[in-house]
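Trainee: If you read the sequences in order, they're chains A and B. Residue numbers 1 to 359, in full-length UniProt numbering, belong to the letters of the first sequence in order. Residue numbers 1 to 547, in full-length UniProt numbering, belong to the letters of the second sequence in order.
Any given hint could be a false lead.
[Stated by the list, open to error] With a cut-off of at most 27 Å between alpha-carbon atoms, the simulated DSS-like pairs for lysine-lysine come out as follows:
#1 B/K134 / A/K118
#2 B/K506 / B/K232
#3 A/K177 / B/K134
#4 B/K64 / B/K134
#5 A/K118 / B/K31
#6 A/K118 / B/K26
#7 A/K118 / B/K64
#8 A/K255 / A/K333
Simulated from the structure, these hints should not be mistaken for laboratory data.
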Amino acid sequence: MTEQNEFPESRVPVRVIGTPPADAPIVENDPGVHAPEGVPGVIPADPVKARKAERVVALLFVIAFLAGVAFIASYVLFQVGTIDRTATSNYTLGASLAVGLLALAIGITVWVRQIMPKYNLVQERHAMASDPDTREYVRDTFVQGADESGFVKHRLLRRTLLLAAAPLGLAPLILLKDLGPLPGTSLRHTVWGEPTKGGKPRRLVVEGTGRPILAADFNSPGGILSVVPEGFEEDLDALAKATLILLKFRPEELKQGTNLNWTHDGIVAYSKICTHVGCPAALYEQTTHHILCPCHQSTFDASDGAKVVFGPAARPLPQLPIGIDEEGYLVAKSDFKVPVGPSFWERGDAEAKLRENAS
Amino acid sequence: MNAPPKAITGPSTFLDDRLGAGSFLKRNLRKIFPDHWSFLLGEIALYSFIILLLTGTFLTFWFKPSMGEVTYFGSYRELYGVRMSEAYQSALHISFDVRGGLLIRQIHHWAALMFVVGMMAHMLRVFFTGAYRKPRELNWLIGVILLTLALLEGLTGYSLPDDLLSGAGLRITEGVMLSIPVIGTYLAFFLFGGEYPGHDVISRFYTIHILLIPGILLALISAHLILMWVQKHTQMAGKDRTERNVVGAPFYPAFMAKSGAFFLFTFGVVALLGTFAQINPIWLFGPYNPANISAGSQPDWYMGFLEGALRIMPPWEINFLDHTLTLSVLIPALVPLGILMTGLALYPFIEQWVTGDRREHHFAERPRNNPHRTSIGISSITFYGILWLLGANDLISANFHIDLYTTTLIGRVVIFVGPAIAYWATYRICIGLQRKDAEVLSHGVESGVIKRMPSGEYIEVHTPAAEDIAEHIRGKHEIPVLESAEDGEGIPPKSARTPLGRLRTKMSAAYGTDHVPLGDGHVHGEHEEAHEDEHAAVGAGEHKQLH
Chain A
1 MTEQNEFPES RVPVRVIGTP PADAPIVEND PGVHAPEGVP GVIPADPVKA
51 RKAERVVALL FVIAFLAGVA FIASYVLFQV GTIDRTATSN YTLGASLAVG
101 LLALAIGITV WVRQIMPKYN LVQERHAMAS DPDTREYVRD TFVQGADESG
151 FVKHRLLRRT LLLAAAPLGL APLILLKDLG PLPGTSLRHT VWGEPTKGGK
201 PRRLVVEGTG RPILAADFNS PGGILSVVPE GFEEDLDALA KATLILLKFR
251 PEELKQGTNL NWTHDGIVAY SKICTHVGCP AALYEQTTHH ILCPCHQSTF
301 DASDGAKVVF GPAARPLPQL PIGIDEEGYL VAKSDFKVPV GPSFWERGDA
351 EAKLRENAS
Chain B
1 MNAPPKAITG PSTFLDDRLG AGSFLKRNLR KIFPDHWSFL LGEIALYSFI
51 ILLLTGTFLT FWFKPSMGEV TYFGSYRELY GVRMSEAYQS ALHISFDVRG
101 GLLIRQIHHW AALMFVVGMM AHMLRVFFTG AYRKPRELNW LIGVILLTLA
151 LLEGLTGYSL PDDLLSGAGL RITEGVMLSI PVIGTYLAFF LFGGEYPGHD
201 VISRFYTIHI LLIPGILLAL ISAHLILMWV QKHTQMAGKD RTERNVVGAP
251 FYPAFMAKSG AFFLFTFGVV ALLGTFAQIN PIWLFGPYNP ANISAGSQPD
301 WYMGFLEGAL RIMPPWEINF LDHTLTLSVL IPALVPLGIL MTGLALYPFI
351 EQWVTGDRRE HHFAERPRNN PHRTSIGISS ITFYGILWLL GANDLISANF
401 HIDLYTTTLI GRVVIFVGPA IAYWATYRIC IGLQRKDAEV LSHGVESGVI
451 KRMPSGEYIE VHTPAAEDIA EHIRGKHEIP VLESAEDGEG IPPKSARTPL
501 GRLRTKMSAA YGTDHVPLGD GHVHGEHEEA HEDEHAAVGA GEHKQLH
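The shape of chain A in the complex, shown without the other chains (with noise of 0.2 Å):
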């Protein structure tokens, strides 16, 4: 079993560990492969082997016919509609197919392993380029064929021929235009700065229920609420950019980055929309009145004006001015003062502009 012959049979140690053994058929002279009949590095399998591992592979197809029987019997038995109905049907379908899959792959493979002979065959490899004589022939052709054309010659046939390809080339991107309106100015304002039907500010409601809050009621002791314009409960344009989340504080907990006149009795409101790439900061720590957004961990000081704390973020939660209606509900006594959510080319630094108009 080993090209070391001075070693008795009780000590073959001539591997290094983790190699493949040493009747592995790599090498050609090794005694435990035949010596190839007929075409060379054809190595024909072990007859006794073969017989044998032909009963194995004939039973494995036969496993994969059983399989795909059971597969088409799932389909027609098992129906789907309810939670545990559609698992049966998940379970079978895909426990047949995959044990008909696995049956006849692992069938094929015992037959080439077994059945095929072991190939040692070698073959010339030949240099990618092509020979000088025939790269000579192509570059007088390509220059016969410029020539003929009159491509060289003819200068001006050139130049209209560049002219006229140059719009005919733009054409497809500016067919492209109509994907979307400009920007414009959109991405500054909210809903929230849009006229009501009467004319009245526009109140703040519950996401979700719909229902206005009572400013006297309102309370959130270590909660936040999510907050939506009225009358744009399901419009998905104006929530990416006026959702908001509700907070209480009591007055001696506010710091000066919050601005108590957007407040009403320590009530405040925050977009919602994080000012990094837009994801809802929706997760509130209520003993630190850190506000947390979930995909990229920006964090928010409440108390303080939204302002970063930590996280990639580099600006506050911009706050709603807020007031309350004659029947004491909350409403929006304007627009958010800077654009929400995240950054844009073309936003500038609109806190700055804020303080700069205010003093």
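Once you've looked at the hints, dock chain B against the given chain A.
Mentor: Below, chain B without anything else, positioned relative to chain A:
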């Protein structure tokens, strides 16, 4: 069998009369394919792609890429009467009201993950064995484009069901687009047909996902295979193998059958996963609403590194002249992807420039034999892997009870230190393995036979390594180094006189210098000589006394 049956000769003659396919088959039926387990990694990607085409086509029969609002009245009770987009409704319909729909949807998703796994594993194999070298640079470039397209294909695919998770991904995509200077806002408005989320993005992604990118993928994969076929596969070094030949099994019948079996294996494994490993249970997430999010939202695995980059970035933003440059989004979104993809695309050409090697290469190098390349590769994997892990830092924080912010802060340091340590460690390991190889050739292999010398010293008898292994080790080729020696008058060659030229010669020397040349098998030195004596002694049969 002496002659093919008439059922085959008939159609074959018909086709050959019209196509002349015979001469093609004559050249290619017995085309030789070298055998090595690592050569099958690309096939995983290929077969996953075929599974994706098959299962994807099935899904299109029911999926409705529309963001129009409907009310759900299907069989999933928990969402009965809920308003949602038609896309989400049809995805639920496929899952609960089409027999086999859930299975095919899950197989499709798993195959997509497997597709990228296969591509990356294949790419790493090609990289670490230097199989991208001349004449295969073009196929390498095609591969880099394929990988980039696969990432985009994945993104457009998992955005389609319009559930809460896929919507979070779209929202982040929008935020990233907005951060692009000058044109970002316009790009976002054009993609979404106006303001986010709009009513267009699902149908647009659908066209991109099922037509545009798959079409390009199909064309490029075909080109990839044709080039591989024409240029012939690389092979590992070994007995009778040279730069001028290929040793292995013929396409017909062995390779063909093995490949067919491997396709079935891939499909079988993906089917198992699709059956028993739940993936993307969209019905649990609910319909998309920009006001909502679930904690622990995560993209598919291949996008994780971008997510991690976004998470560890400090909040840098520059405002000037009424404009905003959002570095905190722009850098993580573009820089890691840019470094990796550009680096991959340029590597074959940079390596050629550094080594000055313009020869064709048909041997797959062992990674240890090109330590700097291997170190660069492992270093890049470390960079990618750290970002990828940090894309799940909230889960790491929750499961390992590490403070969330600490994971971010550690990440900001490790992303620079990790790759450097990986580079150094890999380099040392490569050199160590080379030494081991040199030792196997010069000293042989431990035999397990202990011998006591006349002086009382015990030594272990070494025997020469098995021939195939020795041949494999001897397949090491030196890496060329640029000529930098000054001539007799102390003047360096012309190319090495500029600062760039000097850098190039230095890099070349570092890259190519062989620190562990393989001996010729003859060993010198006192101790080794004793071993040499052992070979003779053992050969004489003296070892029997050791029992």
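Trainee: Looking back at the numbered hints, which does the structure fail to meet, lowest number first?
Mentor: 1, 2, 3, 4 and 7
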